[in-house]
Amino acid sequence: MAKVKGEIVVNTERCKGCELCVPVCKEKTIAMSGLLNSKGYHYATSANEDCNGCTNCAIVCPDGAITVYRVKLEAA
Amino acid sequence: MSQLLTREEICVPENEVYHRTCLLTDAALTYCPGCGHGTAHRLIMEVIEEMGLQADTIGVAPVGCSVLAYDFMDIDMQQAAHGRAPAVATGIKRLYPDKFVFTYQGDGDLAAIGTGETLHACNRGENITIFFVNNGIYGMTGGQMAPTTLPGMKTATSPFGRDTESMGYPLKITELIAMLPGTYYVTRQSVHTPQNVRKAKKAIEKAIQYQKLNRGLNFVEIVSNCNSGWKMTPLESNKWMEENMFPYYPLGDIKVPKQN
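As you go down the protein sequences, you meet chains A and B in turn.
Quick note: the first sequence, position 57, residue 59 per this note's numbering, numbers continuous.
Quick note: the second sequence, position 36, residue 42 per this note's numbering, numbers continuous.
So that you can see chain A by itself, here it is in the shape it has in the complex (with noise of 0.2 angstroms):
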């Protein structure tokens, strides 16, 4: 198991569903939604629960909608 879990938070109306941050993800987290914000742009979401908090999709987006968190898990 992973020992650092992550998570993102997209802001969604401020997403522009440029797909820069899908390939940058290691972990395939990210996804665009087949939901459209009040733009009429796909935005993009998180898939599924891998995310490790490395801030790769953060940094590369141009509008700056991702936030990211990070928790240090302990040995199980």
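Just to be clear, a hint being listed does not mean it is correct.
As the list claims (entries may be wrong) - Restraint ranges, calculated between C-beta atoms of paired labels, are given here:
id: 1; chain 1: B; residue 1: ASP82; chain 2: A; residue 2: ALA33; range: 36 to 44 angstroms
id: 2; chain 1: A; residue 1: HIS44; chain 2: B; residue 2: MET185; range: 45 to 53 angstroms
id: 3; chain 1: B; residue 1: GLU249; chain 2: A; residue 2: VAL24; range: 17 to 25 angstroms
id: 4; chain 1: A; residue 1: GLU51; chain 2: B; residue 2: VAL262; range: 41 to 49 angstroms
id: 5; chain 1: B; residue 1: GLU56; chain 2: A; residue 2: GLU76; range: 29 to 37 angstroms
id: 6; chain 1: A; residue 1: VAL24; chain 2: B; residue 2: GLU56; range: 22 to 30 angstroms
id: 7; chain 1: A; residue 1: THR47; chain 2: B; residue 2: PRO19; range: 20 to 28 angstroms
id: 8; chain 1: B; residue 1: GLU20; chain 2: A; residue 2: ALA49; range: 21 to 29 angstroms
id: 9; chain 1: A; residue 1: PRO25; chain 2: B; residue 2: GLY167; range: 24 to 32 angstroms
id: 10; chain 1: B; residue 1: SER172; chain 2: A; residue 2: ASN50; range: 52 to 60 angstroms
id: 11; chain 1: A; residue 1: GLU51; chain 2: B; residue 2: THR163; range: 45 to 53 angstroms
id: 12; chain 1: B; residue 1: LYS237; chain 2: A; residue 2: PRO25; range: 17 to 25 angstroms
id: 13; chain 1: B; residue 1: PRO19; chain 2: A; residue 2: GLU29; range: 19 to 27 angstroms
id: 14; chain 1: B; residue 1: ALA162; chain 2: A; residue 2: LEU75; range: 52 to 60 angstroms
These are computed hints drawn from the structure, not numbers from a lab.
Built from N, CA and C at the ideal position, the CB exists for glycine as well.
Fit chain B to the given chain A structure using the hints.
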């Protein structure tokens, strides 16, 4: 701590590792989806926030896609006439030598109409920092050919590709100004991958720190995409940029201070 944390338990302020800098306003960026301008804005503002320079910074906004930069950057800003940002910044810096003064310009602004102002500000060794976003096209006006357009590249005004016999060659203005003794630090970066964003942020940090030394002009070029002007998706345009722009505009430091 349990291994089965819920999303609500993880997303609390003390676990936050990355958030949008508070020096960007809440206004929605007017750039196209995937445009490098947004990342460039954010990096500059992040560095200014980390250095605690918010109250001591004066930015000069250009004409072009980033004409509304003063709406997005929550610092003191001045809007300059097309291409005249280095001249305006010269005046500001001479009046307020203790402030950090930067210009933020595109290639149509800096390398076309503002070539004279840019070259002379660099040649005079004005103690300012220039951030230059190069996407090889006039983005705001509809994708016309710019001085930085690559040979053979199709634009609205060169629909069969740029013909170097009649239209000349792309202007490598960054290499040009690196030859001038008035420049102190000249570098070329990009912001399309996480690695490049991290490198670009370090370069921006240096360009800001070096201004305090008062040794000359610091110049950071950011090679960016223009997916609307190039008529591609953001991901395709980044790939095209890697394959075509980077061989002509190689990334890396062009002029570094000797004592470092």
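Please write out, lowest number first, the hints stated earlier that are contradicted by the structure.
As far as the earlier hints go, not one is violated by this structure.
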